[in-house]
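One line per chain: the protein sequences are S and Y, in this order. Position one of the first sequence corresponds to residue 413 (the working numbering), numbered consecutively onward. Position one of the second sequence corresponds to residue 413 (the working numbering), numbered consecutively onward.
Simulated from the structure, these hints should not be mistaken for laboratory data. Remember, predicted model here, so these are calculated numbers, not experimental data. Heads up, the beta-carbon is just placed ideally off N, CA and C, and yes, glycines get one too. Mixed in with the good hints there might be a few duds.
Facing chain S, a subset of chain Y residues (Cβ under 7 Å, in silico) [what the hints assert, rightly or not]:
#, residue
1, Val-427
2, Pro-477
3, Gly-508
4, Ser-567
5, Ile-658
6, Phe-744
With a straight-line cut-off of 35 Å between C-alpha atoms, the simulated DSBU-like cross-links for lysine-lysine are [stated by the list, open to error]:
#, chain 1, residue 1, chain 2, residue 2
7, S, Lys-688, S, Lys-493
8, Y, Lys-727, S, Lys-653
9, Y, Lys-415, S, Lys-465
10, S, Lys-688, Y, Lys-465
11, Y, Lys-465, S, Lys-465
12, Y, Lys-415, S, Lys-493
13, Y, Lys-653, S, Lys-727
Number of protein chains: 2
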Amino acid sequence: MVKYSKVIEGLPSSVPFVGPEAQERNNNMKFLARLGANESNFGPSPKVLEAIKQSADDVWMYADPESHDLKVSISAHLAIKSENIVVGEGIDGLLGYLCRLLVNPDVRVVTSKGAYPTFNYHVSGFGGHLILVPYKNDYENVEGLLREAEKTTASLIYLANPDNPMGTFHSRATIERMVENLPENALLCLDEAYSEFAPKDELPDIDPENPKVIRMRTFSKGYGLAGIRIGYAIGPADLIKSFEKIRNHFGINLLAQRAAIVALEDQEYLASVVKKVEISKEGIVELASECGLKTIPSCTNFVAIDCGRDTKFAKAVLNGLIDEKIFVRMPFFEPQNRCIRISVGKPEDIELLRQKLPVILSSL
Amino acid sequence: MVKYSKVIEGLPSSVPFVGPEAQERNNNMKFLARLGANESNFGPSPKVLEAIKQSADDVWMYADPESHDLKVSISAHLAIKSENIVVGEGIDGLLGYLCRLLVNPDVRVVTSKGAYPTFNYHVSGFGGHLILVPYKNDYENVEGLLREAEKTTASLIYLANPDNPMGTFHSRATIERMVENLPENALLCLDEAYSEFAPKDELPDIDPENPKVIRMRTFSKGYGLAGIRIGYAIGPADLIKSFEKIRNHFGINLLAQRAAIVALEDQEYLASVVKKVEISKEGIVELASECGLKTIPSCTNFVAIDCGRDTKFAKAVLNGLIDEKIFVRMPFFEPQNRCIRISVGKPEDIELLRQKLPVILSSL
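Chain S extracted, bound-state conformation (with noise of 0.2 Å):
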């Protein structure tokens, strides 16, 4: 018999997140509107898709293992070091190999109650102990995590700002001070897929060097390529090297590479996503405002609407969308779950939830 690993043998064959094609496949049926994923509906640049065109001729050729073009782009739009960068397979990749090099059974990491589950998975994937903080008024509780990394000396702490699931924005100076303040021994990973809907000049200035903070970006959001698999991290060149001890070197693909060069090339598409975004947004919230709910304020491409009573309501009303072929997901923990959350999307998919969300409330 096969015999696994010890902290393999303990773990669910679990996914932390069940696609929407397994919900299309068991119910047989197609989804109108994808507004569950935070996925971009308005799509990448036209110059991006012509580039993926452009280079599919070749992709015969191993993709450069080092993504140095790539790399090049990013450190001359943010105005850091190569070695400040790692690629990798979307943030989602680059956090398990930031658990596999940091997370063992001896070690403990801090994260919200409620925060990215898939942050989770890496970690007790490498027999991690988690430490869950609740959130604050539905914000990350950046005292809290502080707080508790103190006191059970944990050697990574986990924020997503913006916040997914609840959308929410802490301000440069929080995060400045958050880092300041941040335990002997423990590891800032700052998740910010969503940074490039949040104030420009309310991202925290945080030097690359600084040996307590890794950042994660992708160009699965802002960026419209969620279907390509490409993000990066920014940190201290010392543990952007050791990312070399064990990444899989060809696991980025070369239209990926070449499709995240253009994007970043092509800013003023990606401010105009950014304004539809925005668009969106107030299309959701004034359609929650009509239908008497409140939404939590977001910055990121997406808002949690506050379905007022428990999670047993809020998971009556996201059947009802999915049972209206509109894909929507939801928080899973207390108090977050009395929300669901909805992705924007172009106008015909608002349209489309504009004409279901009050018929489902009202039969509820």
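Following the hints, position chain Y against chain S.
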């Protein structure tokens, strides 16, 4: 300071393969022919290219984390169940996951001295103890692998068949006998990356539910999709399911899933590639012969040319080709490193080789 896990601390920040792009950057040149990474210079099917281009517009969506449709295709193609298939980010990715499942500092792993280095990289990456068995007459030594595995109570045995970097192939009978004679508690990882180039009726018949074997396949070689990163493993449902404990569920990009399905459908194109590969190999063998050099019989898309002297000489030949902007590689270990390894190419690639190789040889 960041505290790394114990296994990680002892690892070098190494890259199993430096890409040709790094050589191009370091020497400020562009290769005229890529004959070093066993890519398919013939590219994927035109239908696959069309599918990639058509799918570009969908790249804003996360791909199905279950790769359901592709698994259905593979399942039909090989007449095996979906539950016996796991799709991954190339064989490299799957080897990494397999090692994570099975390897830890208590575990011994047997492979051939000079076989695929990325496998070794992953074994070492999880702290496993590698036992290297010398090749025998340029073949991976099946008897030797079994003997060492038995002796060391190894948990995992790696065999590439057809082999890389020598290209030799063990018959169906040999592999089936090997499977029968596997030591207790040893799993055979049978890397069949080059299986499309082997005689079809000589691929071993192994029950997918055999608890002692996992087979690896890829779309990078015969199907010409190295740059898109997709492969799969075939194994017992229990083992396959355990990949769900740890894999990056959203790691396989949407274009890869779509491309692989169409690639499998176009077996006629694959057959035409296999034919071209045969012709190209004949050209390389002929050229070597004209230069007074022997070649190793190959069931892959490359040919190992025996340069007839020591590794210093082979390295000089290799460097001569690199200087002429022909990307090639060579084995890392004695006695295989008396050879250089030339991937097949288009007629113009082989013509370039024909122009340069004799000149280089006579200059040495």
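The hints, checked one at a time:
| no. | hint | result |
| --- | --- | --- |
| 1 | Val-427 | holds, 6 Å |
| 2 | Pro-477 | holds, 5 Å |
| 3 | Gly-508 | holds, 6 Å |
| 4 | Ser-567 | holds, 6 Å |
| 5 | Ile-658 | holds, 5 Å |
| 6 | Phe-744 | violated, 16 Å |
| 7 | S:Lys-688 to S:Lys-493 | holds, 32 Å |
| 8 | Y:Lys-727 to S:Lys-653 | holds, 29 Å |
| 9 | Y:Lys-415 to S:Lys-465 | violated, 43 Å |
| 10 | S:Lys-688 to Y:Lys-465 | holds, 26 Å |
| 11 | Y:Lys-465 to S:Lys-465 | holds, 5 Å |
| 12 | Y:Lys-415 to S:Lys-493 | holds, 23 Å |
| 13 | Y:Lys-653 to S:Lys-727 | holds, 29 Å |
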